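Since chain A is already given, all that's left is putting chain B on it; use the hints.
If you read the protein sequences in the order shown, they are chains A and B.
Here full-length UniProt numbering is used: the first residue of the first sequence is 1, the next is one more, and so on.
Here full-length UniProt numbering is used: the first residue of the second sequence is 1, the next is one more, and so on.
Read the hints as simulated data drawn from the structure, not as lab findings.
Computed from a prediction, not measured in an experiment: that's the story for all the values here.
Yeah, the Cβ is synthetic: ideal placement off N, Cα and C, and Gly gets one too.
Mixed in with the good hints there might be a few duds.
[Unchecked claim] To list a few chain B residues with every Cβ distance to chain A over 12 Å, as calculated:
| hint | residue |
| --- | --- |
| 1 | Pro4 |
| 2 | Arg105 |
| 3 | Gly135 |
| 4 | Val242 |
| 5 | Gly323 |
| 6 | Asp331 |
| 7 | Ala335 |
[What the hints assert, rightly or not] Computed footprint of chain A on chain B; a stretch qualifies when at least three of its residues, placed anywhere within it, have a C-beta under 8 Å from a C-beta of chain A:
| hint | region |
| --- | --- |
| 8 | 84–91 |
| 9 | 141–154 |
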Amino acid sequence: MMSGPVWLSVQLAVVTVVVLLLIGTPLAWWLAISKSRWRSSVDALVALPLVLPPTVLGFYMLILLGPEGAVGGPWFDLTGNTLTFSFTGLVITSVLYSLPFVVQPLRDAFRSVGPGPMEAATMLGARPTDAFFTVACPLAARGFLTAIVLGFAHTLGEFGAVLMVGGSIPGETRVVAIAIYEHVEVLNYAAAHQLSAGLLIFSFIVLLLVYSVNRRGRGASIG
Amino acid sequence: MSQPRLEFDIRLERPGFTLSMAGQSRPGITAVFGTSGCGKTTFLRCIAGLEPNCRGQVRLGDEVWLDDHPVRPAYQRNVGLVFQDARLFAHLTVAGNLAYALRRRRREGPALDEVIDTLGIGHLQQSLPSMLSGGEAQRVALARALVAGPSLLLLDEPLAALDYGRRRRIMPLISEIPERFGISVFYVTHARQEVLEMADHLMLLEQGQCVLHERVDTAFSTPANWARLGDLSPMVVWEGRVLARDEAHSCHQIDTPGGVLSVPGEPIAVGQSVRIRIRSSDVVLLRSADSLAGQSNVFPVCVISMTPGGAGLVLVQLKTGAGGQFWSEVDWQTASQLQLTEGVELQALIRPGTMRRYHAVQHFFREG
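One chain only, chain A, in its complex shape (with noise of 0.2 Å):
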């Protein structure tokens, strides 16, 4: 069941959203107390990914990436391998590309939740890594849930910045979307067709879990 691009292209997802949750949170907390007036600046780089054509990402992370690079080249040097055409570039770039889709919701999850409890927590006497984890994170506890599947789901079925950073190496970067297309080129509809249903399917799935528990209570939204 679990054939090499569809496993591939879970384990890319599972990292990438464990990445954008390490990073998302912070930055996604960051959004929705500031009031800095770089926020602004912030929330729209955040937006980018939403609507730049994924070939443009894929481009200039073929570039950052690559060899040369600004982040390619120190890499080359320290580990010895290139960020392109690789799992750790794929990582990378499905981070920058799927950002939006797990900063937003925890964004208007902590919004929604306000200064008040965070307060009520602080004269209880909780510091404040305390009470972020004790009140903020559990009451925004909906916003993570509909980060992590969003996430999930959108790093799963992304193709062009993939194909541009990656490439398609089997067992390293030919995920799922790209396996689809070189099936379809050859020809052989019947293998795009198991692929192609079976990411139909699990993606309806994923959003009707997102919007079936968003409408029990206050959501977190995209956009």
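Chain B in isolation, oriented as in the chain A frame:
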């Protein structure tokens, strides 16, 4: 039972508003009173440490909280704050909310059971905040603040969102807090009723300044304060103690600065402190007591001063033999019939039905 004293001299500037207050806490409940936007809530937030731009000094006993810049952040100040909207943690049950406070408390505090018992929330332990009524939520919020073992309790209009019945049930609970848990309370309100009912002291705020900080009875009995306390008619507030209770007539003998008053109303225990309000319009002046034989609440009084009041009336300041002073308002015609001048002695009838009694007050009065 020594309560550390809070001393503050603070300043907070905002566009179009400056809060500038200095003073210290006094034992019991201090009502922070004033109209909307006068800075009551901001004052509490400054003391609590929730206003990062607050400057000046705040200290509790020997503990410095603020010395131009925060020395102790809010979470290190041993102070409880109950918000108008309760702010219970929605993801925790009532028991969970109390446990949250208990785990983080910074000093010896009251026993959990005692707090639960005092506020009558034992049956709510497993409920989620969304299942509670407004009154229940506020009782839990009060309990949660107390369980944290604060040295000082700040209450920001905790009853404002409740209906009259619920308010009446919670007020006696709040009144009990200073004595029972040994802490001073600042109580923000814009309801005069709550001040008279619960507070020992009154801090009146006007445009970010404290313009009055006095005992409640003194504050309400001083003519200069009547206008700023909300256009009060001339009145005095006396602190008294129940001497005896006549069950048959549901009447109390109450010892007041003016003498022993006979006050009807719902039963209050003998020995309990009460507060009596007497308005100038509740007082009838007579030359002699002959026609009032057998009437209660008739006192021989002496006229201390007479000042022109509004609408052709004259405001007469009176003093009983016991020394208690109060006011009566008569028109000029009556004044001349009674031959009122300073020093004249006559009889005053305080109509008992009109006396307003605030019986939740039961604090010790210790001047700090």
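When the hints from earlier in the document are held up against this structure, which numbers fail? 2
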